[in-house]
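Peer 1: Sequence:
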Amino acid sequence: EEQLDFPVVYTSATLGFARNEPDGPEQDMNVLFETIVRQVAAPDVDPEGPFQMQVISLDYSSYVGAISIGRIKRGVVTPGMNVTVIDPEGRTRSGRINEVLGFHGLTREARQSASAGDIVALTGIETPRISDTLCAPTTVEALPPLKVDEPTVSMSFEVSDSPFVGREGQFVTSRQLAERLERELIHNVALRVEPTDDPKRFIVSGRGELHLSILIENMRREGYELSVGRPKVIMKEVDGALQEPYEQLTVDVPTDYQGAVMERLGNRRGTLVEMVPDGRGRVRLDYSIPARGLIGFRTEFLTATAGMGLLYHSFAKYGPVKPGQIGGRINGVLISNGSGKALAYALFSLQERGRLFVGHGDEVYEGMIVGLHSRDNDLVVNPLKAKQLTNIRAAGSDENLLLTPPIRFDLEQALEFIADDELVEVTPAAIRIRKRMLKENDRKRDSRSQAV
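Residue numbering for the sequence shown follows the working numbering, beginning at 1 and increasing consecutively.
Treat the hints with care, as some may be off.
25 Å max Cα-Cα, derived SDA-like pairs, lysine to any residue [what the hints assert, rightly or not]:
#1 Lys-341 <-> Phe-409
#2 Lys-236 <-> Pro-195
#3 Lys-200 <-> Ser-156
#4 Lys-147 <-> Pro-277
#5 Lys-439 <-> Asp-378
#6 Lys-322 <-> Tyr-312
#7 Lys-341 <-> Leu-438
#8 Lys-232 <-> Met-437
#9 Lys-236 <-> Val-189
#10 Lys-385 <-> Gln-413
#11 Lys-439 <-> Arg-355
#12 Lys-317 <-> Glu-237
#13 Lys-200 <-> Arg-220
#14 Lys-232 <-> Gly-324
#15 Lys-317 <-> Lys-385
#16 Lys-317 <-> His-211
#17 Lys-200 <-> Ala-346
#18 Lys-232 <-> Arg-167
#19 Lys-232 <-> Gln-243
#20 Lys-439 <-> Ser-156
#21 Lys-236 <-> Ala-190
#22 Lys-385 <-> Asn-400
#23 Lys-439 <-> Thr-84
#24 Lys-232 <-> Glu-217
#25 Lys-232 <-> Ser-174
#26 Lys-341 <-> Tyr-365
#27 Lys-341 <-> Pro-195
#28 Lys-147 <-> Glu-222
#29 Lys-232 <-> Arg-201
#30 Lys-147 <-> Leu-311
#31 Lys-444 <-> Phe-164
#32 Lys-387 <-> Ala-346
#33 Lys-341 <-> Glu-440
#34 Lys-341 <-> His-313
Keep in mind that the hints were calculated from the coordinates and are not lab data.
Taking the hints into account, I'd like the entire structure generated from these sequences.
Peer 2: Here it is as structure tokens:
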């Protein structure tokens with residue numbers, strides 16, 4: 001009965017008013033604000049007790065360093081105050097608050113004090129972590145640690161050795177790449193970064209392909225150039241058996257696209273758990289699906305539903321590895337054998353071999369993938385070949401070269417497309433696909449050694 005008793009506020013965000021009646025006289029949002037204050041329960045806090053706060057988010061400033069953000073659970077905090085920091089493992093250390101920042105709209109403003117229930121940003125704590133508890137030294141009590149899902153997908157982040165390196169980006173060295181990943185770890189708690197024997201290569205693990213794609217996209221917009229490898233799910237060995245991560249997937253789609261979505265999820269080893277139609281032309285589908293089945297699925301899903309589908313997934317469990325390959329590419333690729341500008345005369349002939357990824361005038365280099373082969377083997381081609389000109393002309397001998405528009409990959413499509421021996425080259429201006437080994441002789445030598 002309590003849920004049936006609720007207020008109704010008539011609002012227009014565009015016109016900026018909230019009213020108790022549809023034709024009321026109010027011309028601002030005060031009615032909505034007063035209703036929220038009246039109806040929503042106050043936070044369960046203790047303003048009189050000793051200070052206690054849990055870090056729920058982190059930020060970074062080159063001027064003040066790490067910034068701890070959270071809601072004060074108990075007591076009052078002031079600049080210059082000494083605190084005890086308790087990490088999720090229960091270890092304690094001392095710290096001192098330099099500055100207390102409150103939030104006003106989208107800006108932060110310095111405050112002389114903040115009390116229980118306030119959301120604040122605190123500076124001065126060295127190397128804070130999400131889930132740390134800040135408390136008064138006289139009452140050292142840790143709050144329950146926050147649960148963060150474990151990473152399920154990893155990929156390699158490598159310093160680019162492309163012939164075009166440095167042309168389009170500002171940050172290209174291993175030191176700059178390592179520093180950027182270290183800064184990301186401060187506030188991206190689901191991310192893991194592992195160094196390798198090669199100082200130019202890092203293994204980065206995250207909550208899924210989208211999680212890592214967002215990081216890569218942010219880095220390229222900041223001016224970074226790097227190469228990334230194919231996403232791989234993180235397997236675990238349990239009781240001597242190899243297990244893979246499974247995701248709980250929920251999709252909400254119009255009934256007209258239900259069959260197309262179910263067919264695609266079936267091909268990706270998804271198991272339907274529940275189907276609930278809403279009676280108004282949409283249906284909700286709940287699936288259990290291996291995490292590797294979701295690599296590259298978001299773009300395919302949006303295409304299959306004409307952009308009208310909704311998708312959400314979260315980690316469910318580790319379970320037995322389902323046999324067979326999920327997704328992946330069955331065709332080979334067309335590989336450039338030289339560096340320069342692709343020419344229409346050469347591309348026109350290559351169209352018979354498969355679909356092209358480059359157009360006339362695009363810069364290419366040796367080892368760069370310029371198309372999808374129509375067969376299952378890789379083929380080295382020359383996209384730079386120009387028409388030989390002579391001083392002899394015949395009427396009608398010059399044919400009109402019509403090129404099919406090339407396929408242009410976005411980041412997620414490129415990550416799904418590549419094979420284990422290929423990389424996606426990411427720069428602020430372009431996304432290119434290339435072989436890990438650019439020289440044809442190196443690739444042949446490596447193939448022979450693996451065969452042995």
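Peer 1: Against this structure, judge whether each hint is valid.
Peer 2: A quick look at each hint next to the structure:
no. : hint                : verdict
1   : Lys-341 <-> Phe-409 : 19 Å, holds
2   : Lys-236 <-> Pro-195 : 20 Å, holds
3   : Lys-200 <-> Ser-156 : 10 Å, holds
4   : Lys-147 <-> Pro-277 : 32 Å, violated
5   : Lys-439 <-> Asp-378 : 14 Å, holds
6   : Lys-322 <-> Tyr-312 : 22 Å, holds
7   : Lys-341 <-> Leu-438 : 17 Å, holds
8   : Lys-232 <-> Met-437 : 20 Å, holds
9   : Lys-236 <-> Val-189 : 21 Å, holds
10  : Lys-385 <-> Gln-413 : 29 Å, violated
11  : Lys-439 <-> Arg-355 : 22 Å, holds
12  : Lys-317 <-> Glu-237 : 13 Å, holds
13  : Lys-200 <-> Arg-220 : 17 Å, holds
14  : Lys-232 <-> Gly-324 : 15 Å, holds
15  : Lys-317 <-> Lys-385 : 53 Å, violated
16  : Lys-317 <-> His-211 : 18 Å, holds
17  : Lys-200 <-> Ala-346 : 36 Å, violated
18  : Lys-232 <-> Arg-167 : 30 Å, violated
19  : Lys-232 <-> Gln-243 : 14 Å, holds
20  : Lys-439 <-> Ser-156 : 21 Å, holds
21  : Lys-236 <-> Ala-190 : 18 Å, holds
22  : Lys-385 <-> Asn-400 : 17 Å, holds
23  : Lys-439 <-> Thr-84  : 57 Å, violated
24  : Lys-232 <-> Glu-217 : 19 Å, holds
25  : Lys-232 <-> Ser-174 : 22 Å, holds
26  : Lys-341 <-> Tyr-365 : 9 Å, holds
27  : Lys-341 <-> Pro-195 : 36 Å, violated
28  : Lys-147 <-> Glu-222 : 30 Å, violated
29  : Lys-232 <-> Arg-201 : 16 Å, holds
30  : Lys-147 <-> Leu-311 : 22 Å, holds
31  : Lys-444 <-> Phe-164 : 24 Å, holds
32  : Lys-387 <-> Ala-346 : 8 Å, holds
33  : Lys-341 <-> Glu-440 : 19 Å, holds
34  : Lys-341 <-> His-313 : 43 Å, violated
Violated hints, in rising order: 4, 10, 15, 17, 18, 23, 27, 28 and 34; the structure is consistent with all others.
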